[in-house]
Each structure stands twice: as C-alpha cells, then as structure tokens.
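> Spelled out, the chains give:
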Amino acid sequence: MLVYFFKKILFLLSSLFLLMTLTFILMKAMPGDPFSQEQAMSRQEHHSLLKQHGLNLSYLEQYKNYLYSTLKGDLGNSLIYQNRTVNRLIRETFPTSAYLGLQALTLALSLSLFLGLLCALKPDSPIDYLIQIVMALGISIPGFILATILQYLFSIKWHLLPIARWGTFSHTILPCLTLAALPTAFMTRLIRNNLLEVLQMDYIKTAKAKGLHPLVLLLRHALRNALLPVLTYLGPLASVLLIGSFIVENIYSIPGLGQWYVNSVTNRDYPLIMGLTLFYSLLLMSLNFIVDIAYGFLDPRIRIFSEEE
Amino acid sequence: MQRIVPRLHRTAWQKFQQQPMGMCGIYLLVALALFVSLSGFFSPFRYDEIHLIAKNHPPSLRFWFGTDDLGRDVLIRTSYGAYISLCIALATVIIDLILGFLIGSLAALSGKKTGECLMRFLDIFYSIPTLLIAILLSVILGSGFFSIVLAINLISWITMARIVRGQLLLLKEMDFVMASRSLGASSSRILFTHLLPNTWGPIMLTLTMTIPSAIFSEAFLSFLGLGIQAPMASWGTMAHEGLAAFQYYPWRLFFPAAFISITMLAFYLIGEGLKKSFNNAPAMNLP
Amino acid sequence: MFAKLISLLGLAIITLLTSCYPEKPPINKKSTLRISTETEPQTFDPRHVRDLSDTTYMHLLYEGLTRSEKNGKIVPGMAETYSTSADKKTYVFKIRKSQWSDGQPVTAYDFYETWKTMLDPEFPAPNAYQLYVIKGAKDTKEGKISFEESGIQALDDRTLVVELENPTPYFLTLASSYFFYPTCRAARIDSKIDQMEQVTNGPFRLEKGSRLSNEWIMVPNPYYWDRSAVKLDEIQILKIDNSTALHMFDQNELEWAGSPLSTIPIDALASLKQKGDLNIQPAHGVYFLRLNTEHPPFNNTKFRRALAFALNRTDLVQHVLQGNQIPAQGYLPSSEEASKPLFRDHDVKLAKKLFAESLKEQGLTSSSLPTILVCYANNPRSHKIAQVLQQQWKEAFDLHVELQSCESKVFYDHLNRHNYQIGIGSWFADIQDPISFLDVFKYRNNGTNNTQWEHPDYIRLMDESAQAKSKKREDLLKQAEKLLITEMPIIPLFYSTYNYLQSARLKGVYFSDLGYLDLKRAYLEKNPGNVNH
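Chains as they are written, first to last, in the numbering used here: chain Z, 309 to 617; chain E, 19 to 305; chain D, 9 to 541.
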C-alpha cells in the first residue's frame, strides 16, 4: 500500500512539473506583455518595469526562479495588481467559489438523483417525457443567458432575490441555480438511462420475481451500478464547479476565483496564470483520486489498486 | 435469455424510422435546412447590410425578425449563423467521436500502467487554461473559424474520453466479455460487437452536452476577440450581443437562442432515436 | 413509495438550507455612496498609476500641493501658501501642518523623497515624464545628474522649493495632479506587498480589511486638514458587471453608475436618454484611426485623406455610439479652444476625387489594391465602429475592407511592432492643455505614436510653442493641429463624452473633464419617504 501511494505521489509530482513547463512555454509564447497598453510608456520605463519584475532575464532563468520560489511555497506576486500575492488571492477567493460550487454540486446531485429515479420508475410516461424535454432545454441554454434571465425574473421583476453580490444565503441562490442547471440536466438523463438499462438485467428480474419492493430494488441494487458512469463525470465536474465560473462570477459580481482564470490570461499576469494552473491541477488530480477510490467502493470488480494485467 | 444484437444497418434504419422521437428530430433538422436555404435565396437583405436608421426595430413586415443594433435584418443573420454554429457542431461531433472514443478506449483497454499514464496526460491537458491555447492558436492560425474550432475542441474531447473510459472499464469486467474472450474472440471483435453498442448511450448523451458547450464556448471566445470576424456571427455571438439589450430589444436575444434550443432539441431527439434503434439488452449477468 | 422519494428531496433541501451563511447586519443610516466599477484598482500608490480609473482613487485618497476645484480653479491643498519668483521659474510652497492617515506629519520631505524615487532611473514610474517641467528632472531620470542637482529642494519640514526649466503657466494645475502626489515614508522604504493599510493624506482613506469581496470601502480620513468639508460617511466601490450595475442603480442599490469607473451598455443609452436619466459630459479625449504610414497604400497622403473624408461621423455618433459624442472635424476636442472645423464630415465628392488621384499616383487600380485590414482590440464599441467603417468605405469607394478583431494585448503588440494597417485607437489627456494631445505624434519613436509618421515642421512648431507665450503659443499649436490634419497620419472620428447615471440625492460631485471624480464635497440628501429619481 505504501509503495502504491509513493508511486502515486511521484506520478503526481512529475505530471505537475510537466504541466508547469507546458504552461510556462505556452504563456510566454503569447504576444503582448503585462505592461503593454494603448497609452504606452516610454521604452525606458517599460524596460525598467520589466526589469523590476524579473521579466528581462532569459526564459530559462525566469523559469528556474519561478520553480525555486514555488517549491518554497511562494507563488509570486501579481504583476498587475500591485499589492497582491498569488497565495493571498487564492486564499481569499477560493473559499467563496468552493462554497458556491459545493452548493451547486449538492443541488445538482440530489435533484438529478430524484428526477432520474422518478423517470426510471415510470419510463415513457408523460412525466418522463416532460422531465426529459425540460432537461434537454437545460442543456441547450447557455450559462450567460440563463444567469441573465434568472436575474431578470427573480430579482428585477419579482424582487424576490438580490440582483448580485455576495454575503447572505439569498445571494447564493441565483448563482447556484445557474451553475447547477447544466450538470443537473446532464446527470438526470445519465442516471435515468443507466437505471433503465440496469433494470432490464436478469438479476433485477430475479429479485422482482422474488417479490422485492420496486423502490428497495432501485435503491439497493440498481443504483450502485447506475451511478458508476456518473462518478466518472463527477471528478471534472466538481473541479470545474469548485474553481468557479467566470460568467457566473461576473454577472452576479461574486468575489470568487473563477474570474481570475480569464483575467490573468488577458492581462498576461504570468505568476497568476502559473499559480492558478497549478492550483487547479492539484484540485483536479485530488478529486480524480477520490473518484477512483469511490469506484473501488461501488464496484469492487474494477480493480484500480491492484497491479494486474 | 440473451437477445441477439442486431448488427445490420438496414434493420437499424428501419428501427429508427419507427421511433417517433428520432423522426421528430430529423424533421426538425430538415425544417431548419429549409429555412436556411429559403431565406438565403429569398431574403432582400444581405447579412452584413447596415441600415443605421432602422436600428433596433421590432419584428415588422419589412424585417420579420426585427433588426439588430446596426439595423441589420435578424432573420438573414440567424440563417447565416446556422452555418457557423452547425459547422462547429459537426466539428465537435467528429473530433469527440474520433479522438474521444479512441483515446478513451485506449485508456480503458490497454494495460493498467498505460491507462494510468494516459489519464494523467489527459488531466494535464485539461488543466492548461483553454484561453491560453485559444489565444495562441488565433495568433498562429489567424483568427477565424478554423482556429476557434480547434481551440474549443482541443480540450473538450477529454470529457468524452473520460466517459468512454469509465464506461469501458465497467463493461470489460463483465461476465459476458469474459465469456466472449474465453470462447476465443479477438479484441477488436469484443470491442466492436459487445463494448461499442453498450457505450453508444453514454456517448450520445455526452455529445448532446458537448455540442451546445462548444457553441457557447465559441460565443465566449468571440466576446474576447478570438474567433470569426465581424460581420459574420454565429448564434452564440448573436445571443451574447442580444443579451445586453435583452430588456429593451428582446427579439435580438430571442431568435438566436430559440434556434439554438430547437437545434439542440433536434439533436437530442435524433440521439434518443438512434439509441433506441441500436437497442439491445446487454447480455450481462450480474450476480 | 413516493413518500420515500419525497423524503430524499426533502433531505436535499434541508442540506441546502442548513448551509448557513452569516447574514450581514442591516444597512445603518450612514450616508453611503455606492459606485460601480468595471475593473479592480491596480494600485494605490500614485507613482505607479497608469489606468484612468485609478486616478479617481488617487484623488479620493491623496492630495497634492494644490487642489483643482470646479471650473479649473486652483486652491491650496497640502501647501498652505505658495509664491513664485519674478521670472516665474521658481515656486516656493509652504506645507501646512497636517498628518497622514496614520497620524504621522506630512512634510516637505515626503514630496521631495517621493519625486526622488520617481526620477530614479531604476524606478519604473510611468508618469515620471510629467515631472520634466522641473529643471534637471529629465537628466536625473536619464541618470546624467543626481537628484540633488535638480530643481527640487526641501529646505525644511515645511518648505519646498521647485525650480522649473521654463516658465510654465500651468504648473500650479500640474501640481494638483496625481503625478505630483506625495507618498508616506513607510510606502517608500518598504513597499510591502499585501500591505493592508494604505497610508494616505487625502479626504478619504481605505478602510482596513476592505480589499476583499470585490468591494473597496473608503471612509473619511480623520487626519485630513479639511475634515469638516467632507460630508459623506462612507464610499463603497463595487466591482459589478455593467448591465447588472444598471439594474442595481434602478433599484437604488447604487448611487453612481457609468463613467469614469465603468461603462453604460450602449444598448441602454437610447432608453436612458428618453427617460431623461442620463448625464452627459464632454471628455478630454478623441477616438481616431491610426494609419501605418509606411505600409502601402497608406504611405500616400491623398489616400489617407480620401479615407478620412468619406466617413460619415454624424451617423456614427448618432446611431452607433448614441452617447452624444461630437463628430471630430479636427484633432483637438472642442473643449479645447474652439476652432473652426478643419475639414468637412462626409465629403464624399472630395473623397472620391482624392481616392482616384491617389490610385493613379500609386499606379494602382481598385482591383489591384491590396486588402485593407482594420484591426482593433475587441470591445463592444470598437466592434460596432469597425463594422460601420467597413460599410461606409464600401459605399463611398466600393472598397472592400476586412476586419480583424484581436485580443487586447495582442492588439497592442501589433501596434508596437507596426504590424497593422488601420487601428482603432483613442487618446485621453492627462492635463488640460492641447500639448497633451499633440505631443503624441511629435516623434515617430514615441511609444504611443505607432503611425511611423514624423514631420520636421511639426517638430519645429511644437518646440517653438514650448518657448512662446499664451497667444503665440495657441497659434503655434493650432498650426500644428492643421499640419496633422493635412498629413492625416490619423483619422479623427469623434470626441468622447462621459455618460453616467447619478442619483438625484447625490450632490456636490465634481466630475473633472480629465476623467476623475472628486468627492471631497459630495453629500447625499436625506430623502424621507419615497426615494425615486
């Protein structure tokens, strides 16, 4: 077991290193630098700005310095926002996006479980069709439109919820709904389809013939197998939700981490780009790791841990 | 009792024709195609024809879908937008199917070590900011349709690969596969006969998610300045521009958004129809 | 059976509801001014400011030697009194007894040391060149002489002496700008990253712990020498998306939206104007097209002029921009000395003639012209402008023009490398003087020029104006503008305006036409009962 974990960690570190190198290369390949603007500075000022931030050194030199400081735990300072370190930025904004993401994830999971079960219990019934159509629509409305429509209806027209910003529970409702829409739609149909397939299997028919209550059947036997594909989707879904969405954070003015992903790239804020990529990758890999373990729990036949084959 | 998997395409098509959902989907697409070609033929306006005086007019006899902020006819622009959005959809389908399915299968069916390695590579690529890649592609290839399609799909196929891998991991442990193998079936036969039909469902489902995702990613990237050049616009771009004016001139948002939804609905219905026509009770015997 | 399902759903709902978040305390009755901003403040150190929005924060948090009030009046700021020598080249400022927001006294040395750092060759201060009116400043910055040899001296804690290169009539106005602001000792010695407490000397200070949550809170600075003039209890600067900000303003959740810190969506302008809610103020800025004068066919003057005269700026301003901008018929905004238009807008006949002549001169025909490309950084306004330009040139010359929208940094890169043909650009002045506009195109190597155009007569006119006095100077600058228009390395489009929404309760705001908000004397009227504008 220990060997397994050790290998895993080594693997993780080497993939992180590969990622950082790739990102660094791609990042520097982009034209433009953090300080170019239309109202340009004199070349001298521009040069001394670059020098102050160490951007006039060779790329290799810069990368070495960056790696060294990262190993010490210092992800660098933002080049654009002069009094912020990357560490602090992540520390301040991640809890907010994570909170919202968790809320959306919970909503999406529970709602899709509920609806998926409902559809699987009564396949091809009117309610099944209705739910499926609604879910199909849910997938075909883009996030930015949904956010604006929800904002317009619930906030501007009906004055039920706050328009934007962050601070109380009611501020979280609209962004949560916006974030949860697409995953709910997708997972509902995934669960429904998988359940229906599983329900056709022989062992289910056997259990039914033995007189088992349909709901118990569903929950105890069928659900486990139906959930496995959902689990695959859950890893990246969780990582995307926890990191935060640029669109939702912009429209609802939420101080989360998601907006920085886009802003850092358009600003060419190199330390921030690297730091965020690193952070996201760590998050994703840990979540995938958890998913892999959960796989083993749900279906022991999927031997993730052993060294067979 | 095992049900035999129908492999003949002729039978599948006949089965498809019996599906009301699937046929609905086909009819919708046909209607869309008709709309696009007829409007292209009969419209008195070009898609880039600006009438500043008539800007932001609601739907009227002259402009059936109203005009946008530069006085252009929304109907003909929606029709042109169909080309772009559908091309994006097609590209997504192709890339997802080919890359996603291939790599996903590779990851699931090859050895433990190779599979792990591959998944780690996928994780790495997934973690690189997509915007970075989009900007670089637009610089190298010049902003335009090709670079943006590449930018969107270079990362999105990874989701498909993951789902395929997950499904195949599950399936390959099943008894019927082992039974097949013990009977001496070759790997490719197992793949195509047993595994693929059972993966079809999740693949279709994922496609119905990645296609609209791709269309909206294109809208988002256009908003940042990468992508097809004005005055061409895709549905996503039109919807995005209509969004800011939603309260004042709702038709600018309504028509492109409605067309996106209808098209996605059509794809969904076709997908359901395909699934049902390929239907086979998997001969799985789970304990 | 359904009961079990319902319980499942119920569980989910309870999970959500129990994810409690501490409720914010209800808003108390302080007079709070809430402003929406599009972008985050990049810096609170006046030496590093580059962005237009940041200048508002500077004017809220700091104060210079003098202060600019409504109508351009100059009143004493940190300097209680000031006197000039007979030759108008030396100024003596007597710094008043006042303190920084941490209680430390403001001294002449604060000014001395701050300007010293700005003129340090190694210190990157984007606005250092504004100090070049001071004797020896340019040389100090270039490392030729030491700071002690320049014209700035602090005789003691309360006396600052400044010697200028030439008599500069607008120096006192300059001294009120943010590039001449002081910084406190702590900021100079140890520019601590993540410094939570910004020490400032102006009417307001940044409240502790407010750099989170997309909002920045400012409260009156208790140590400000004119504290009694400050009426507001709190200023909240909130980062909000532009459309959302409009809605929030409608619901009285904001007292100010739009320029200078954010933009009102163009599509909303028509309806806002109709309701009478929109405030419009001319800005000290001009939008123009940069032409790469080394890239054929733009090396031909007639071609450039043809393109310029064919445009219908009135249509552009009226239908596309809708903010009551002013079609440009010269280069300097009309808020400068009112001048006769230097060319006619939408003079298609003249344009066609020039176009034909330019083609003949270059030995080209319409079909053998290389593809014309208009490049721009993608934002909603430039996007619309570009498409209209495309249409207008097509109508005038049957000329097919292609558009190339770029991500903004990519666009600036193109400009710097002169890798463009036509680029949409703008220029906003730092000081209320035409020189701020005309200087841009003096030398082709100027960082902002990028047109690769330079003209010996233009340089001569600018140099002479530096020595000349008021009327003569005006004349020379006007001649320079005329030369610029004759040569047309840029095609002026329109003079910008500030569009904003101001709550009816908010009074006493000074919105400078340089684009910053001065809220020192702002106050909110108490409106008992219905608060509707």
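I should point out that these hints are in silico values taken from the structure, not numbers from a laboratory.
All residues carry an ideal CB built from backbone N, CA and C; glycine is no exception.
Among the clues, some could well be false.
Here are some chain Z residues pointing at chain E (derived, C-beta under 8 Å) [what the hints assert, rightly or not]: (1) Phe319; (2) Met338; (3) Tyr569.
> With reference to the structure, classify each hint as holding or not holding.
Here is how each hint holds up against the structure:
Among the interface hints, the one on phenylalanine 319/Z holds; its C-beta lies about 6 Å from the nearest C-beta in chain E, closer than the 8 Å criterion. Taken as an interface hint, methionine 338/Z checks out: its beta carbon lies about 5 Å from the nearest beta carbon of chain E, inside 8 Å. The restraint placing tyrosine 569/Z at the interface with chain E holds, with a minimum CB-CB distance near 6 Å, inside the 8 Å limit.
Checked against the numbered hints given earlier, this structure breaks none of them.
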